[in-house]
Amino acid sequence: MRSMWMLVAAFMFACMSVLVKLGAVYFSSTELVFYRSLFGVGMTYWVIRYYRLPIRTPHWRIHCWRGITGLVSLLMFFYCLTQLPLATAISLNYTWPLFVALFSTLILKEHLHWVLIWTILLGFAGVILLLRPALPEDRWVASLMGVASGFFAAIAYVNVKQLGNLGESEWHVVFYFTLISTVITGVWLLLTTFSPVTWHGLLLLVGTGVTATLAQLAMTRAYHQGTTLVVTSLGYSTVLFASLWGILLWNELLSPAAWLGMGLIILGGSLSGILGFKLSPVVVQK
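Everything in the sequence shown is counted per the numbering used here, starting at 83 for the first residue and increasing by one.
Treat the hints with care, since some could be wrong.
Quick list of simulated restraints, FRET-style, between CB atoms [unchecked claim]:
#	residue 1	residue 2	range
1	Gly-345	Arg-134	30 to 36 angstroms
2	Val-292	Trp-270	37 to 43 angstroms
3	Leu-285	Gly-345	22 to 28 angstroms
4	Leu-322	Trp-222	24 to 30 angstroms
5	Ser-337	Val-269	25 to 31 angstroms
6	Ala-207	Arg-134	34 to 40 angstroms
7	Gly-124	Trp-332	41 to 47 angstroms
8	Leu-335	Pro-136	30 to 36 angstroms
9	Ile-329	Thr-274	33 to 39 angstroms
10	Leu-349	Gly-249	39 to 45 angstroms
No lab work stands behind these hints, which were simulated from the structure alone.
Virtual Cβ for every residue (Gly too), placed ideally from N, Cα, C.
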């Protein structure tokens, strides 16, 4: 039952994605990432100060790499949410375990088994199957950015694994990630423009921050208390929740081939995440 916390996290991540898609009417993808990160840095800083944890870290270089790659992934993911069907965008972003399995071999020098190779190929076959029948030609840029968001997310997750091995707490990892994201997107928006914040837009921004934070807390508890095999598999229920939201709110009906492609991504990603990389409690940063 402790692993069921991952279902709560998956539902909250799907709700966050819905709010991002709704918020795209009022804000750009950069603004949505900025406000999401601002909420996160405020909360994590309060927790760090409440428990009297040190702010400084000797591993700032890895934090910077993690922050930049995570930010690029988040920007691409939020953009895809505004351009693609909800379930499609989330499925493409959830290719990250496939890339992590490769990076854990190339960067962390972990052994790559033949079973893992087949699961990776299975997942990428799902990507091809999902994209070819499901997307019109004018959506290819967004779809490729969805896969790229998984690529950069995988690099960030490897950095998280390295920070965990160095003894960095989960709160420090989240704090520096959200701090870097807030500063970079904030500077960019100061040089360009901020959209006016209406009461409706403010509710969407607050909802995005709250659901993302609740999802993060539920996911952390799931990985702390649950079985990695079960928790990792349940994490992909985000795709199913997103599919239901997409049908209910936007009438996003996908073809049978697209559903099969999503299923292959879920299967390949789950197996590669379990076999190729032991997940850290704070790996997923949405």
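Right, here's what the structure says about each hint:
{"no.": "1", "hint": "Gly-345 - Arg-134: 30 to 36 angstroms", "in the structure": "violated (47 angstroms)"}
{"no.": "2", "hint": "Val-292 - Trp-270: 37 to 43 angstroms", "in the structure": "violated (24 angstroms)"}
{"no.": "3", "hint": "Leu-285 - Gly-345: 22 to 28 angstroms", "in the structure": "violated (35 angstroms)"}
{"no.": "4", "hint": "Leu-322 - Trp-222: 24 to 30 angstroms", "in the structure": "holds (25 angstroms)"}
{"no.": "5", "hint": "Ser-337 - Val-269: 25 to 31 angstroms", "in the structure": "violated (42 angstroms)"}
{"no.": "6", "hint": "Ala-207 - Arg-134: 34 to 40 angstroms", "in the structure": "violated (50 angstroms)"}
{"no.": "7", "hint": "Gly-124 - Trp-332: 41 to 47 angstroms", "in the structure": "violated (31 angstroms)"}
{"no.": "8", "hint": "Leu-335 - Pro-136: 30 to 36 angstroms", "in the structure": "violated (52 angstroms)"}
{"no.": "9", "hint": "Ile-329 - Thr-274: 33 to 39 angstroms", "in the structure": "holds (35 angstroms)"}
{"no.": "10", "hint": "Leu-349 - Gly-249: 39 to 45 angstroms", "in the structure": "violated (34 angstroms)"}
This entry does not satisfy hints 1, 2, 3, 5, 6, 7, 8 and 10, going by the numbered hints stated previously.
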